[in-house]
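Engineer: Taking the hints into account, I'd like the entire structure generated from these sequences.
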Amino acid sequence: MGAVLVAGIQILPVVASREAEIEDAAFVLLTVLSVPVLMFVVVGLAYSAIRFRANGDEEDGPPIHGHRGFQAIWLVVSFALVIGLFVYGALGLVDIRGAQESEFQVQVQAEQWAWKFEYPSGVVAKELHIPVGERVHLVVTSKDVIHSFWVPAFGIKQDAVPGRPTQIYVTATVAGTYPGLCAELCGSGHTGMHLTVVVSERAELDAWLSDQPGPESSGSEPPA
Amino acid sequence: MSVRRPGLRRALLGAAIGGAVGAGVLIGAQNAGMQIRDGQILGLAYLLALIGFLLGIGAFRFWVTWAAGRPVDVTEEHAAHGTAGDWRRYFRFTTDHKVIGVQYLVSAFLLFLTAGTFGMLMRVELAQPGLALGEDAYNTIMSTHGAMMITVALISIIGGLGNFLVPIMIGARDMAFPKTNALSYWLLPLPILLVAINPLLGGFDTGWTAYPPLSQQANLGQQAYLMAFVTVGISSILSAINFLVTVFRMRAPGMSLMRMPIFVWSLTVTATLALVATSVVAGAFTMLLFDRVLGTSFFRPSRGGDVVLFEHLFWFYSHPAVYIMGLPGLGAILEVVPVFARKPLFAYPLAVLSFIAIGVLSFMVWAHHMFVSGMADFFHIPIMLTTELISVPTGIVFLAALGTIWMGKLHFKTPMLWVFGFIWAFLIGGITGVYLADVPTDITLSDTYFVVAHFHYTIVGGTIFGLFAGTYYWFPKVTGRMYSERLGQLHFWWFMLAFNATFLPMFWLGIEGMRRRVADYPSEMGGVNLWVSFAAFNIFLSMAVFVFNMVRSWRRGEQAAANPWRAKTLEWQVASPPPVQNFDHIPTVSAGPYEYGGGAGVPTEGRAVP
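Each protein sequence line maps, in turn, to chains A and B.
Heads up: the first sequence begins at 1 in our numbering, then just goes up one per residue.
Heads up: the second sequence begins at 1001 in our numbering, then just goes up one per residue.
Everything labelled a hint here was simulated from the structure, so no lab data went into it.
The calculated EDC-like cross-link candidates involving lysine to aspartate or glutamate, where the alpha carbons are at most 20 Å apart (straight line), are:
no.: 1; chain 1: A; residue 1: K126; chain 2: A; residue 2: D206
no.: 2; chain 1: B; residue 1: K1409; chain 2: A; residue 2: E58
no.: 3; chain 1: B; residue 1: K1409; chain 2: A; residue 2: D57
no.: 4; chain 1: B; residue 1: K1409; chain 2: A; residue 2: D60
no.: 5; chain 1: B; residue 1: K1413; chain 2: A; residue 2: E58
no.: 6; chain 1: A; residue 1: K126; chain 2: A; residue 2: E111
no.: 7; chain 1: B; residue 1: K1409; chain 2: A; residue 2: E59
no.: 8; chain 1: A; residue 1: K143; chain 2: B; residue 2: D1306
no.: 9; chain 1: B; residue 1: K1413; chain 2: A; residue 2: D60
no.: 10; chain 1: A; residue 1: K116; chain 2: A; residue 2: D211
no.: 11; chain 1: B; residue 1: K1409; chain 2: B; residue 2: E1485
no.: 12; chain 1: B; residue 1: K1413; chain 2: A; residue 2: E59
no.: 13; chain 1: A; residue 1: K116; chain 2: A; residue 2: D144
no.: 14; chain 1: A; residue 1: K116; chain 2: A; residue 2: D206
no.: 15; chain 1: B; residue 1: K1413; chain 2: A; residue 2: D57
no.: 16; chain 1: A; residue 1: K126; chain 2: A; residue 2: E204
Structural biologist: In structure tokens form, the structure reads like this:
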């Protein structure tokens, strides 16, 4: 029943990367599994509330202390669900984090309260531009406190930790401009700590990169 | 009450003197040209104020007498136990567990209302896009709301209902260490006050998680929070030891472990968790305090410190802490179900086992708070497994509740309504927890309103619903009077509807990408947020019904019989309220606690049943 309801439905508002596709599929599966569990308890509860209401007498219910068969079924079903979910989640995780090779690397540096991106050519910019359909590697660092690099449309989120670079691998699938934000409370400017990601064809990206001022003229130190 | 006798007035004087001495010495040194930071002044002033407060309230006088080898004044020790009907014992260092229980419970509800007020201020800021109070003010309000609510969830059931009921439920005259028990309560007022006034010290903007380096650069209010949290931790450890010794050493004859009421079992596991886990966070916070006050670098990345280590230490406590908050609620719920379903608790041994399993597993799941923290990739896998596994024993709580309700004779008194509310809310919390345990979906949901909605459904749905169920259920026992059933039901329905109207839409907000801990959001989310604020104000209003009902019923409610619910556990076999010594004769227990439907049941007080 749940399957019919959600088949073909996208739960995440924007899906523009391979990673977001995997996550959206996980959302759909979990929702399909949740509906019967929810219905089982809610219907059972509602039925009991009507059917087993005491009608003013002082009588007790039957002295039932348990039911071995039912308890066993309950345990087996919940174990099976958990193991199934775990295997599915682990496969998804390997899918998202597994392939750690890339064709394009960008250094992402967070500070209170702005983002900075350094490209392989040495160009430093305030916007993230990446090629569509290619595996991109982002090395995330922070200059001061913990931030978190999040682009909702890509389904990627990774803390920027001072003193400890973190890695993101992402393959954008749809060209366009996407908002990103800091997801870890980082002080009074946290609310406004946004960024912009532009996904374009490689040729367009190269043209944009060559239009940028060189590393010397950007006037900022290289990322830690 | 004069300052010449131990008491609240002398305690306040002691705190004032201690604070003045601590601050005075360091300010003097500062004026003499020494390099003294404001944090160091606050630290010493707080430490001495706390000691002065405890000395003034009389926390150490019996131990000092004993240590000095002087004879203990028996009449004075007896007086410290309190006299029935004397309201002043609630404001003293009273060692009666029932007095301490009421102290905890009333303090917890006052703190709940204060923290709720901070929550309302949050919803004022968030009602409309744009800034009303400002980002800094919002961060402080949000952090204070969180810190206080965490404290409520930690102390209300175990400290309040637990202290009052556990000794009676197992057939004992008091806790094992009555003076330690009073000490663990009187450790709390000063730190709680300190958190309440943190906005005057500049506030703190890290949330209750206090992640460095942000918490290292934040204001003095941050340090106030850290010191307060460590103090609450000490209180928590003392109380945990007390509960464990009481449960394992003080049970009446015949009260075997498998005849203990499920509520006592839940608190036993809770106390074990609190004992083992709390020292870890107290250590981490102390290291963080040292970083701030003494210039160490445990968590200072610029000098080789590691901030991810702090996250590990913090969550190694704070995830078990979720169960320290949750288990007493589950225990209270399962205690109430059999009474109002008139049926034995379904699968009692399995429920006990599940509490123990939750306790063990809760130490192996902490890193699911850190799926996007940058910890090693491989570590996600075992943590995801253990996190999902813990849903099996948690599910058994539903099995026990539903199994008891099935074929029962249901009486929908207020406590039972909260049980039904709990099953709904905790189920939503559990199901959405799976989305957060699953790494692929958690990457998107982490740090969004989905998380906010989830933990309100689990902590309010589990702990606070359990607290309400327990408070209504045991109100006649604690006060000797009945609450108003009509007002109780009004409170339940109003709270329940408002609670769901507030937190259900937050799941949607989170999926749409609204971050938690922000003062502003995209304007297209304005409509939903306005609705949420409106609903949240209704939660607050419904609490007025609760407060009115409690205060009025306590003063003028109908006299309660010893056992108005026809329950079988021991606390209902003594008078309401129980006499100071609980039992004239220690009872002998000859049956389990839930023998409904023709079982033997526990004996009435003092009568040994063969």
